[in-house]
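Novice: The UniProt record's numbering numbers the first residue of the sequence shown as 1 and each following residue consecutively.
These are calculated hints, taken from the structure and not from any lab test. Hints should not be assumed to be uniformly reliable.
Claimed, not checked - Computed spacing ranges between beta-carbons, pair by pair:
1. 242 with 175: 22 to 28 Å
2. 62 with 119: 36 to 42 Å
3. 12 with 88: 26 to 32 Å
4. 243 with 31: 33 to 39 Å
5. 171 with 74: 30 to 36 Å
6. 62 with 29: 43 to 49 Å
Glycine is no exception: its CB is placed at the ideal position from the N, C-alpha and C atoms.
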Amino acid sequence: MSFLHLLWTITVPIVVVCAAGAIVARYQDVETRSLSTVALYLLAPALILSALPTANLRGDHVVQIVAFTAAMTAFCWLAAWMAGRLFRLDHPTSRALMLTTIFSNSNNYGLPVLLLAFGTQGFALGTLYVILQILLVNTLGVSIAASGRAEGSGFKALYRSPLLYASALGLALSLVHHALPGGLGTAAKLLGDAYAAVVLLILGVQLGRTRWSAALQRDVWLGVALRVVIVPIAAKGLLMALGIRGLLASVLFVEASMPAAVNTVALASRFGMAEEWTSMVVAVTTALSFVYLPVVIALSH
């Protein structure tokens with residue numbers, strides 16, 4: 001029953017929104033690059049400014065989550081780089097491989113799963129991890145995606161992005177335990193709440209234009225294998241190495257083992273970087289998650 005409930009309350013909404021984007025793209029010419037710009041440079045900063053100041057950060061959990069996130073990010077980056085060199089991927093695809101390996105769908109997919117599997121306490125711990133992922137995907141992720149273009153301008157694009165400054169302001173407000181005042185906070189939440197829906201619509205539009213025969217390509221399954229097999233194994237090992245146990249270990253293992261983040265599709269679309277390949281890896285890992293996710297939850301205990 002819990003598995004069916006998971007499908008109904010989490011999977012079905014994601015599939016419906018993605019399908020809506022795919023249907024619209026079938027009959028209308030939807031320009032995803034503009035949507036991606038709005039999502040990455042307006043909705044994402046608003047989400048950061050809304051989430052960070054209201055997060056209840058505990059010192060010991062923060063240290064452990066930061067250590068785990070840093071170690072996992074470094075491992076995933078190195079694993080993707082080595083795989084790209086070993087399989088001789090072109091530059092845009094190797095950068096896209098870094099994105100889909102480093103970033104899991106921990107927010108709009110992971111958090112509801114945590115609430116169902118571990119209750120409100122697990123959900124609260126998951127928000128700390130998600131905050132770091134939001135910061136990383138909108139800083140490191142933007143840098144990697146921008147450098148995937150021929151002219152390679154990763155850090156220049158990062159410094160020009162409002163995401164970096166929204167992150168700094170959000171952290172500052174969090175440290176002083178002060179949310180955005182009045183209407184500004186309401187506006188930030190209103191914009192931030194739209195982020196997941198817009199990103200899922202972009203994914204749906206991309207999937208509607210995708211040649212599904214591309215799923216047979218070796219390079220796609222390289223990305224799938226890294227995210228679905230290698231990353232969970234590495235996450236389990238790192239949790240043991242760092243001495244993280246209990247509920248926090250379960251939460252971090254599930255979050256790290258989620259399918260590839262839909263945010264990577266927005267990044268690939270915004271910077272014109274292996275869009276079809278990225279969409280395919282996200283689609284395949286998401287479809288497989290309907291089968292492997294209950295196993296991950298069982299192994300997390």
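Novice: Take the hints in turn and mark each one as holding or not.
Specialist: Structure-based check of each hint:
1. Hint check: residue 242 to residue 175, Cβ distance near 24 Å, so the stated range 22 to 28 Å holds.
2. Between residue 62 and residue 119 the beta carbon distance is about 21 Å. The supplied range of 36 to 42 Å is therefore violated.
3. As the Cβ distance of residue 12 to residue 88 is approximately 40 Å, the hint placing it in 26 to 32 Å is violated.
4. Between residue 243 and residue 31 the Cβ separation comes to about 49 Å, which falls outside the hinted range of 33 to 39 Å.
5. The hinted range of 30 to 36 Å is not satisfied by residue 171 and residue 74, whose Cβ atoms lie roughly 21 Å apart.
6. Distance hint check: the CB atoms of residue 62 and residue 29 are about 46 Å apart, consistent with the given range 43 to 49 Å.
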